[in-house]
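Same order as they appear, the protein sequences are chains A and B. The opening residue of the first sequence carries number 1 in my numbering; numbering runs sequentially from there. The opening residue of the second sequence carries number 1 in my numbering; numbering runs sequentially from there.
What the hints contain is simulated information worked out from the structure, not anything from laboratory work. Be aware that a few hints might be false.
[Unchecked claim] Listed below are the simulated DSBU-like cross-link pairs for lysine-lysine, each with C-alpha atoms no more than 30 angstroms apart in a straight line:
id, chain 1, residue 1, chain 2, residue 2
1, B, 14, A, 69
2, B, 283, A, 41
3, B, 284, B, 312
Just so it is clear, the structure is predicted and the values come from calculations on it, not from any experiment.
These are the residues of each chain, in order.
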Amino acid sequence: MANLKVRITFPEDKIREPIIYNTGKNYKVITNIRRADVTEKNGWVDLELVGEMDEIERAVEGMKTAGVKVAPIEKNIIE
Amino acid sequence: MDKIKGLFCKECKKPYPAEAIHVCEFCFGPLEVAYNYEAIQKRISKEKIMQGPLSLWRYEDLLPIESTPTVGLNTGFTPFVHAKNLGAKLGLDYLYIKNDSVNAPTLSFKDRVVAVALTRARELGFDTVACASTGNLANSVSANAAEANFKCFVFIPADLEAGKILGNLIYNPHVIAVEGNYDDVNRLCSEIAGEYPWAFVNINVRPYYSEGSKTLAFETAEALGWQAPDHVVVPIASGSLLTKIHKGFHEFERLGLIPTVNTQIHGAQAEGCSPVATAFKKKKDFIQPVKPNTIAKSLAIGNPADGYYAIKIAKETGGLIESVSDPEIIEGIKLLAQNEGIFTETAGGVTIAVLKKLSQQGVFKKNQSVVAYITGNGLKTQEAIAPAVGAPWLIQPNLKSFQQTLKKEQK
Chain A
1 MANLKVRITF PEDKIREPII YNTGKNYKVI TNIRRADVTE KNGWVDLELV
51 GEMDEIERAV EGMKTAGVKV APIEKNIIE
Chain B
1 MDKIKGLFCK ECKKPYPAEA IHVCEFCFGP LEVAYNYEAI QKRISKEKIM
51 QGPLSLWRYE DLLPIESTPT VGLNTGFTPF VHAKNLGAKL GLDYLYIKND
101 SVNAPTLSFK DRVVAVALTR ARELGFDTVA CASTGNLANS VSANAAEANF
151 KCFVFIPADL EAGKILGNLI YNPHVIAVEG NYDDVNRLCS EIAGEYPWAF
201 VNINVRPYYS EGSKTLAFET AEALGWQAPD HVVVPIASGS LLTKIHKGFH
251 EFERLGLIPT VNTQIHGAQA EGCSPVATAF KKKKDFIQPV KPNTIAKSLA
301 IGNPADGYYA IKIAKETGGL IESVSDPEII EGIKLLAQNE GIFTETAGGV
351 TIAVLKKLSQ QGVFKKNQSV VAYITGNGLK TQEAIAPAVG APWLIQPNLK
401 SFQQTLKKEQ K
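Kindly generate the complete structure, drawing on both the sequences and the hints.
This is how it looks when you write it as structure tokens:
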């Protein structure tokens, strides 16, 4: 089993959507929130995804398609 | 010496051993080096530092290595210039330029962080180093790895300009060009870092790597006769540099090497990639990631790791975070070159343009000391400035032609 730590950033128009719930439902990954700060306008969630790496990558694509920004926990590492 | 206690989480403070790890397993906060300042206090002194090597390693007691330095032995101790011409233009009697555009070996401040990261990587038993970079970081890792006999992997986006790729290939690392957009390349590199037993300089050895930036503050304080300046202007990419300059001054203060620090720390971003400046102006801690669109590519980090901490420090110290447009950046590069003879890259243009903006806003008093950090060399970003520098006078090979042109040009 692999795990990936990601920072998800929500724009205002996606705040009401249960994106993390849907990710756990639609893909074979375990979602585990470690830290978060969400308001009515925007927010971020630090999330651990556990599963097979291929499935984790599909889950990440799915979240991006749903309209949130998904970055590694390190955020930008290309300097 | 027991100068490193270990690592600790910047958020929840949980302690960790001093290994190649960078994220808290509990809250996912970033890890930072915990020093044993009592032990350091016993052996550090101004005299000892002044007798040390003319490199960043003169501050070895405050850098996170346990044995002796092995990489970057000629790095740091760059010129600290009293910028009298530029100062006169901006109404500042004590303007200084810390000129890392002539840092060794690869002409940017990244040589500092890489010197520390690779020395620590060797101590931790790694034989391979890696990074993901579009510019200065890749140059520095490649060059230092060649000299220090590390195997080296450099990851770049596949559409990077040929000139920038050449600057790495010359050192013969493995250069991996990844197809995909920036976010895809970024995420893949994070995954690779988790899979391979390599020292990824700004990922798993980031807690050590980032400490190298403190030496810019140490050198500044020493050059000013063992005191911190009233103001500093620092470019912001990830935000790490700004936080470490602040940390450097406060470590010197804590160890009694300089008097109380009241330095106001100002940050500089390009308008085309200003997530930190935008959050600062809106008085928010939340940093909305952006897609960069600026000529200042070495600062083009749309989702900065330490942006939150940079805002916190600017606020705490009474500093400001400003942004400037691309034309202002070019003007900044020219202003520094034409007044002080220093040719900086676009990031330095951002710093000088923000310095100018802040001085026009009346942020600095005439007799206060102000230090601007120039982090890279203009020869690396010539394409950005080429359209703005004019052309040579073209003459025939005879004296008459020269005299006629001289007369014409001087009108």
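Hints and how they fare:
1. Between residue 14(B) and residue 69(A) the alpha-carbon distance is near 28 angstroms, which keeps this suggested pair within the 30 angstroms criterion.
2. Of the supplied pair hints, the one linking residue 283(B) and residue 41(A) holds, its CA atoms being roughly 14 angstroms apart against a limit of 30 angstroms.
3. Of the pairs offered as hints, the one joining residue 284(B) and residue 312(B) holds, with about 10 angstroms between alpha carbons and a cut-off of 30 angstroms not exceeded.
Taken one by one, the earlier hints all hold for this structure without exception.
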